[in-house]
Structures are given as C-alpha cells and as structure tokens.
Amino acid sequence: MIKVVFFAALREQLNCAGLELSADENTDSIAKIKQLLVEQNPNWQQTFSNASLLSAVNHEMVDGSHPVKSGDEVAFFPPVTGG
Amino acid sequence: MSISIQTQDFNLADEVAYLEQDNAIDGAVVTFTGRVRDNNLGLKVSGLYLEHYPGMTERSLEKILESAHSRWDIGRVRVIHRIGQLNLGEQIVFVGVTSKHRQDAFAAAEFIMDYLKVQAPFWKKELTEQGEKWLDARHSDTSKAQQWD
Chain A
387 MIKVVFFAAL REQLNCAGLE LSADENTDSI AKIKQLLVEQ NPNWQQTFSN ASLLSAVNHE
447 MVDGSHPVKS GDEVAFFPPV TGG
Chain B
87 MSISIQTQDF NLADEVAYLE QDNAIDGAVV TFTGRVRDNN LGLKVSGLYL EHYPGMTERS
147 LEKILESAHS RWDIGRVRVI HRIGQLNLGE QIVFVGVTSK HRQDAFAAAE FIMDYLKVQA
207 PFWKKELTEQ GEKWLDARHS DTSKAQQWD
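Sequences listed follow chains A and B, in order. Under the working numbering, think of the first position of the first sequence as 387, with each following residue one higher. Under the working numbering, think of the first position of the second sequence as 87, with each following residue one higher.
Think of the hints as simulated: they come from the structure by calculation, not from any bench. A couple of the hints might just be wrong.
A short, non-exhaustive set of chain A residues, derived as facing chain B with CB atoms under 7 Å [claimed, not checked]:
no., residue
1, Cys402
2, Ala403
3, Gly404
4, Ser441
5, His445
6, Gly468
7, Gly469
As a list, the in silico EDC-like pairs of lysine to aspartate or glutamate whose alpha-carbon atoms are at most 20 Å apart [as the list claims (entries may be wrong)]:
no., chain 1, residue 1, chain 2, residue 2
8, B, Lys210, A, Glu406
9, A, Lys455, A, Glu398
10, B, Lys211, A, Glu398
11, B, Lys219, A, Glu459
12, A, Lys455, A, Asp410
13, B, Lys149, A, Asp449
Now the stretches of chain B that chain A is said to cover, found in silico as 3 or more residues with beta-carbon under 8 Å [said to hold, decoys possible]:
no., region
14, 131-144
15, 203-210
On a predicted model such as this, the values are computed, not experimentally measured, just so you know. Don't be surprised by glycine CBs; every beta carbon is placed ideally from N, CA and C.
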C-alpha cells in the first residue's frame, strides 16, 4: 500500500485528508499517482494540474519523476508559507 | 541544535538563557522573533491559523540547520515554530544562533529563516475582514532563499 496525504488549502479543496492506494505500475512515480488520483476523481483534475503543487515522498521534497514504492508515504501540498 | 514545533507560546529570556548557559566559547548571540501583524496586502488581519506536516517539518528543519552548520562557524541553534490558532501580536517563530563572531551568527540566522519560509512545510491561514484565506507563497521569499545558492 501507498499512503497519500494532503495538506492545507489542497486538503480543503479536495475535502480529503488522505487515502491509500495499492502499489502497482500505475503508482510507481509521483506523476503517475497524480494521474491515477485524477482518473479516480475527475473533479480533482484542475487542482492537480496546478504546476505549483509540491510533493514529498517519505518527508523529502521531490519532483514528479521521483519513484514511489509500496510502503511509501506520499504527500501533496501547496507552496509553504510559514515563518 | 534544538527544534520545537509547539502550540504554546515561548519566552524570549528562557530561549536566550538556553543559548548562553555554559557557553562562554561563543561571544555572539543573534535572535529573531516573528509575530502576527494586524495587516497584510492591504487587508486587516485579526489572527492566523498555522498548519504543518508532522514528521516532515522536523526533518526539513534538521536539514536546514545542518546546512547552516556546514556553511558557518556557529555554536548553538534553537528554532521554535508555533502552530494552531494565533492572535494579533503573538509570537510565531523564533530563531536563535550563537557563534564566536557576530557575522556568522547574523548570516546563519537569516539563512535559517529564509530557508524555513520556502522549505519547511508550514501553511498560514489568515483571518481577515473578508473571511479566512490561505496565504499564497511569495515569489520574493523564493528569490531570497535562492540568494544563498
């Protein structure tokens, strides 16, 4: 399984804090997970096509080509605004 | 180095005491405190709500502090970031750095704040006269952090 979590404005837009995906060839990169999430939830299309959306795998910021495997925690969130 | 993500407030004197106690090797102590201000982008602000990504926040701050230690000759570092509901004037963030000399302490403190703003997963929601609004990231914060590359 792959744990997927959403934060801040993204979580509110999706009305979802997170979900789990079975690991297979459709989930082996950040870009594919985004594609799969949009296929499963067509109304998420616009939110996930936002180029400024950030992603992390196991608490490390990564880009879309980053590999993902079973057991990983994948996070999607808007640009950060702390401080 | 010491990192705290907390809902409760912090006391500046206690944090300076932590940095200074039994630390006669460092003659410089630089501290920065960020507070909730009553305006942003022309709107009156009545408070803030701060969210973070537990686990990733601590890890990203550790990496930022390790990077500061590799760039400058610094001693103790203390970072506090508050989360949850914050009212006007309340303290949000604290960065304290000690060093033998002030240049390294000033530079490292600024570096840590600049990186924290673009790398650490915190998000601010403003409570304004027009309702609640998540803050957009600012390009100026990104370019400020890139100056250290």
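These are the hints, each one checked on the structure:
| no. | hint | result |
| --- | --- | --- |
| 1 | Cys402 | violated (15 Å) |
| 2 | Ala403 | violated (11 Å) |
| 3 | Gly404 | violated (11 Å) |
| 4 | Ser441 | violated (11 Å) |
| 5 | His445 | holds (4 Å) |
| 6 | Gly468 | holds (3 Å) |
| 7 | Gly469 | holds (4 Å) |
| 8 | B/Lys210 <-> A/Glu406 | violated (27 Å) |
| 9 | A/Lys455 <-> A/Glu398 | violated (27 Å) |
| 10 | B/Lys211 <-> A/Glu398 | holds (12 Å) |
| 11 | B/Lys219 <-> A/Glu459 | violated (28 Å) |
| 12 | A/Lys455 <-> A/Asp410 | holds (8 Å) |
| 13 | B/Lys149 <-> A/Asp449 | holds (18 Å) |
| 14 | 131-144 | holds (count 6) |
| 15 | 203-210 | holds (count 8) |
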